[in-house]
Every structure is written in structure tokens, then in C-alpha cells.
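We have chain A; now place chain B onto it with these hints.
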Amino acid sequence: MSSMSKTAPSPASAGERHLVSYPRFLWRIAVMSTEGNWLFYAWMIFLSAVALVGLNAWATQVSQGMVVTNMSDHVSWGLYIANFTFMVGLAAGGVMMVIPAYLYHDDDMHDVVIIGELLAIAAIFMCIAFVVVDLGRPDRFWHMIPGIGKFHFPISMLTWDVIVLNGYLLINLHICGYLLYQRYRGRRPNPKFYIPFVFLSIGWAISIHTVTAFLYQGLGGRPFWNTALLAPRFLTSAFVSGPAFIILALEAIRYLSSYKVGDGAIRILVNIMRITILINLLMLASEIFTEFYTGGAHTASARYLYFGLHGHNALVPWIWSSIAITVVAALLLLCPKVTKHPIMLTTACALAFAGIWIEKGMGLIIPGFIPSTLHEIVEYTPNGIEWRISAGIWAAGLMIYTLAIRVAMPIFSGEVSLAKDKDNSA
Amino acid sequence: MTDQKKSSGISRRTAVKGIGATLGAAAFAKAIAPITTWTAEQSVDEFLQKHYQELTPEQMQKILARLQAETKEQYGAEVEISDPKPQEGVKFAYALNLSICVGCRKCAQACHLENNHDRPSGNSYIRVLEMKKGSLDMEQGKVDYKGPVPKSDSFYMPVQCQQCDAPPCVDVCPVEATWKEKDGIVAVDYNWCIGCRYCEAACPYHARRFNWTKPQIPAEEINPQQGYLSNRIRPQGVMEKCTFCLHRTREGRLPACLEACPTGARVFGNILDPDSEIRWVLENKRVFVLKEELGTKPSFYYFFDE
Chain A
1 MSSMSKTAPS PASAGERHLV SYPRFLWRIA VMSTEGNWLF YAWMIFLSAV
51 ALVGLNAWAT QVSQGMVVTN MSDHVSWGLY IANFTFMVGL AAGGVMMVIP
101 AYLYHDDDMH DVVIIGELLA IAAIFMCIAF VVVDLGRPDR FWHMIPGIGK
151 FHFPISMLTW DVIVLNGYLL INLHICGYLL YQRYRGRRPN PKFYIPFVFL
201 SIGWAISIHT VTAFLYQGLG GRPFWNTALL APRFLTSAFV SGPAFIILAL
251 EAIRYLSSYK VGDGAIRILV NIMRITILIN LLMLASEIFT EFYTGGAHTA
301 SARYLYFGLH GHNALVPWIW SSIAITVVAA LLLLCPKVTK HPIMLTTACA
351 LAFAGIWIEK GMGLIIPGFI PSTLHEIVEY TPNGIEWRIS AGIWAAGLMI
401 YTLAIRVAMP IFSGEVSLAK DKDNSA
Chain B
427 MTDQKKSSGI SRRTAVKGIG ATLGAAAFAK AIAPITTWTA EQSVDEFLQK
477 HYQELTPEQM QKILARLQAE TKEQYGAEVE ISDPKPQEGV KFAYALNLSI
527 CVGCRKCAQA CHLENNHDRP SGNSYIRVLE MKKGSLDMEQ GKVDYKGPVP
577 KSDSFYMPVQ CQQCDAPPCV DVCPVEATWK EKDGIVAVDY NWCIGCRYCE
627 AACPYHARRF NWTKPQIPAE EINPQQGYLS NRIRPQGVME KCTFCLHRTR
677 EGRLPACLEA CPTGARVFGN ILDPDSEIRW VLENKRVFVL KEELGTKPSF
727 YYFFDE
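Keeping their order, the protein sequence lines are chains A and B.
Taking my numbering, the leading residue of the first sequence gets 1, the next gets one more, and so forth.
Taking my numbering, the leading residue of the second sequence gets 427, the next gets one more, and so forth.
Chain A extracted, bound-state conformation (with noise of 0.2 angstroms):
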């Protein structure tokens, strides 16, 4: 076997071939996972120990129920569907490196175009973990697949994303998988391979997002949701929240590694964000506008979300300070010398991020389901065992990032490859 491997390429042996390198590969990735700094175990033992305290909060709720969350057959989706929605933005915004890479050949996005799609997958896994938290039978999640159980499709629009949330994921696996895999192995992908998912993937980006917003802007029951401007909205913030995360991963990278992060790719992130934030403000203008010169009594959502209703105000502290955090987002990306402060930048950055979480949660899920659809008030206010079970989905997702960057940092620059592994075995 090991002298085949070194005879010249031909399409019998290359079967083989991948035989033998292919799991050493995977091998390679198990090893590289386990090992780092003392930083890295920190963090690792920390996200475990987040993750844990939310899967013991997870088996409490399914074994006593969802009785354990302050969710009621008012307001029947609370922090989980919220955390769901945002991150379906996060995975779409993922795609934002792609974009420029590939569509518009920029070479300095080359290098770092595979930290987006790496946010995808983990973004990603973490909407799928918010669904399955949320469900109050998780037993039974093969009824939901297609021959064994019954797939509702194509009415349901949840079967859409169903759909349209697990392709994305196959396809950044694959796009990401077959990259690092011809990296180590110290050959050139082969675009045919890859390039098509790539575009593939960009519509596909779109897509679950557009899909997610139809979830809701489709329920006639609900007027708060049911606007045309839902999904062009998603879109918009998604691709506020993505690059927004992308830059804060590419700085801690710059900052934690010897791995060189060119100023291209944070410039043309920055800029992406400086157009969308402010799609993003224009679209709220519009909403905001439209709810409150007509009146009526389609408004109750939204007059209870800016200013509260009968004395309820719940969530009027919520949605002012998204709106003013993401002001005050817009204002510093706005300024000409942002991507040359480090600090400023970052604060943009996470204030972005956070504006965005709270208008795509509590700003935007929530109020849909206050007042009822018979007009009663019913309030909500996610309690510990929400934030518990959220927080330890957080952690899993952040631990998929960190192991999935601090494998393929070192496969891209060339620093770990199978002819390096070869030599330090024989």
C-alpha cells in the first residue's frame, strides 16, 4: 500500500490513494482538535462547561415538560424561535465572504472566504439545535422525515426550511471539506468540484433566509408579521449580523495567532456593512411609518413594541436599545477611519451584532404574538431555563467555530499537510 501511494497518479490508484489519505486526514483534524494553548483549553473547557449546564436545563424541560419555560399558549414561541431566527441570518450572512471572492475575484478574499463558510456550518448547526429545543415531543422527529414519517411538503413552509437549512449545511460541508482535504493533501482543488456549490451556495444563502421570513410573513392570523417587507428585512440585517461576525472572528484570529489576516478583507466587510445597516434603518423608518400614520388596529404589535399597551411594556426597553445601539453602529462604520481602529471597529462590530439579535428576537417574535389574536395582553419574558438551554446552544456552536477554524487555519497556510505528517512518521 505505502509503495503504491508513491507511484505516478493514475485513476486505478487514485482510489486508493484516497483510502489511505483520506482518513488520515480525518485523523489529522481528531488530533488538531484536542490540541492547543493553554488559552485554547481554557476556552474549551469553558464553552463545554456552558454546553453541559444547557443540556442538563435541556433534559429537565423535556422530562417535566414545557411547562419548565415561561412560554403560554399566547405567546407560543419565545428566546428559542428568536435565537432560531437570528442565527438563520448569521449562516445567511456567512455567505457575504463568499460574494466578493468569488463573483467578483478578489484574491484578498480568497484567503479568508473559508472563515465564512465555517461560520455557516456552525451557524447552521445551532438554528437546528434551537428547533429541536423548541419542540415539545423531540421523540418524534422522524415523523418528520421524508418516506418513514410525513413530510408536509410543499404547504408547510417549515418542511421548506427543513429543506432549504439542511441543504446549506451539506453544501458548505462540502465546499469546506473538499478544500481543506486537497489543501493537506498539497494539491490545487479542482474548480469543477467546488465552484459550482459556491454559486450553489450563494442563491442558497438567500434562500434560507427568504424561506424563514415566510414562515412567519405568511400567517395571515398575525398582522404584525404578515408584511411583504418581512423578508427583504432578514435579508438585510443578515447581512449586517455575518460580516459583523466575521470581522470580530478574523480580529480575535490576527490577535490570538500568528496567522496573517489582510486589511482587504475587513475593508470590503466593513463596507458591506456600511450599505446594509443602513438598508436596515431605512426598512425600520418604513415600517414604523406604515404602522403608525395608518393606525387601526392592526398597529397593537407595534405600538406595544415602541411604547407598550394598556401598561404593558415589556418589551419597550428591548427594541429602543437595538435601535440605538445600531445607530450608534451605523455611526462609527460611517466613519472614514474605522477599519484603521481596532477597538473602534470591533465596538461597531458587537453593537451591530447585538442590535440585530434583539430586533430579529425579542423585536421581531415576540411581539408578534402580543396582543393575542383575540386581543389579550400576555407578556414574556424568557426565564432560566431559556436562557440556560440557549446560552449552552451558543456554547456548542462557538466550540463547532473554534475547533473548525483552529483546524483549518494551519491545513490553509500549508503549515500542517500530508507530506509534513508523512516525514514526521517515518
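No lab work stands behind these hints, which were simulated from the structure alone.
Please read all numbers here as calculations on a predicted model, not as lab measurements.
Take these hints with a grain of salt, some might be off.
With a straight-line Cα cutoff of 25 angstroms, these simulated DMTMM-like cross-link-like pairs (lysine to aspartate or glutamate) come out [as the list claims (entries may be wrong)]:
no.	chain 1	residue 1	chain 2	residue 2
1	B	Lys-723	A	Asp-107
2	B	Lys-559	A	Glu-376
3	B	Lys-443	A	Glu-415
4	A	Lys-260	A	Asp-107
5	B	Lys-443	B	Glu-467
6	B	Lys-606	A	Asp-73
7	B	Lys-640	A	Asp-73
8	B	Lys-717	A	Glu-287
9	B	Lys-456	A	Asp-139
10	B	Lys-572	A	Glu-379
11	B	Lys-532	A	Glu-376
12	B	Lys-443	A	Asp-421
13	B	Lys-577	A	Glu-376
14	B	Lys-498	A	Asp-139
15	B	Lys-572	A	Glu-376
16	B	Lys-717	A	Asp-73
17	B	Lys-568	A	Asp-73
18	B	Lys-558	A	Glu-376
19	B	Lys-572	A	Asp-139
Below, chain B without anything else, positioned relative to chain A:
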């Protein structure tokens, strides 16, 4: 780096990793423990049970027997669960006379008892709105009204499942756990529902209820006449809703809420029967439906006496 150093370094590192992995596995087992005790209580037959519409009569008989045994075991009550089917040539409709309804909420209470609802939550499929005279705007309505009824400046509007002909709740269900039966009833297979609550978000009439926990009912209060698709005690974590008491109405009886109504405000019957009282109301009264603009086509009508 000498060979000796290298090998000792690796073994120490491996040992630490091994300890870490063991601790991690133990913590994982501890964290997941509540779920393992829960799964131990779930039966394999229940887990593997097929969708209602795919069950053969023999399979259904076995399931009914199992459910009866489980009710005995878990609630201490002898119950009889049946699976009445829709009758040919029957489509149910309901009408409610807003001129006579006094807002006493006897209907809601009867629903609670008939349908074996969870006692601590006081659940019911019916909500009664107290509305100011002169407006049909639900935003002006109140469900938590107090004091003697009827109040002279108010009228009362009970709202329950409208058994829509174009039900948004059925459209959105990702696993077809809810569907419209031939006689017009929107049913739920409690053993197929995954508990995503999308139908609850989609319903414009607040007609759906979720079992946030396992329902609690004292054995002596359990209504023993139960239907598979209606008032049997629901499992934890699934959706339920009004079925026009199909375990009663499919056998020629009237819904519990109608029987409980002290004023005779409620009219129920087969809309396909030209001689039925419901047809008389629809043909001779001015009727309206709730939220007509949403296109849900309710089978629940409201009317006023002239």
C-alpha cells in the same frame, strides 16, 4: 528534542486528555440523566406508532386497548376510548346567538370537564369576550371580566375553534399531524404531533392549546367516555383543540358546551340537512363569521336577533 523527552511528553499529554475525556463523559451522563428517566417511561409501541390515517382497524384496536391500560395505570381511572368515524352526508356547523348569550361561561366550564382538561391550568377550548355594545372590534373586548353578567352596556362573544374550511393551522403543520375530517372537524393525532406549535401561531382565533406538561386530573373527575381524536387525556408536549365533541356529535348527541348553555344561544347541526335548525338559522338570520377577511371560511357562525 530527544526521543525520550518526546515520548514522555506525549504520554503525559495523552494521560491528561484521557482524564479530561473521562470527566467530560461523566459530566455528560449526569447532565442528560433527566431525559433518560423520561425515555424509560415512554413505551416503544407509542414511539413506533404510525399516523392515524395509516392505521388498520386491528392496529387501532390494539392502540385503544393500550391507551385504556395506560390511563388506568397513570390516572387510576377505568375509561373507554373509541374511534367514531365521520358519518356520510354530514358536515357539522355551529351558530351562536349573540343577542341571548349572557356571558356566564358555563360553556367554557362544561368544555373543561367534558374534554378532560388539566385541572390546575383550568384549560378550556372556549374563551368568552365581553364586548362594548356598538363595536365588533375585538381589541375592545375583555376575557377577564368580573362581576354580575350580563352588563347592560356589553354583549358577550364566546370564541372557540371555527373548524375552518381553509384552516391555516392544517396548512402549516410540517408532519400532517392535523387535518380536516370529512364532516368538517379539524382533528389532531396526539400521538403524531411533534409539538412545534406552528399551528398555534397560525390560528387567527386562539383555538389551539398546547400541553405544556402532563395533564393532571383526579381519577374520579375523569370523563370515561373518550374519543381517540377528541377528549382522551392528552400526552405531554402535544397540541390539542376543540373537536365539536366529536365523540358525542358523531353519535348523534350534542356538544357539551351547547348542553350547558342556560339561554339556548347555541345552535348545532348538520349543514347538509335542509330541515336542520342550523340551516334555518343560516337561511333566516343575518349571520357573520369572525375575521372573514382572512379567508379561513369558518363553520362557526354568529348572529343577532333582529
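**Message:** Which constraints among the numbered hints does this structure fail? Numbers only, ascending.
**Reply:** 1, 5 and 19
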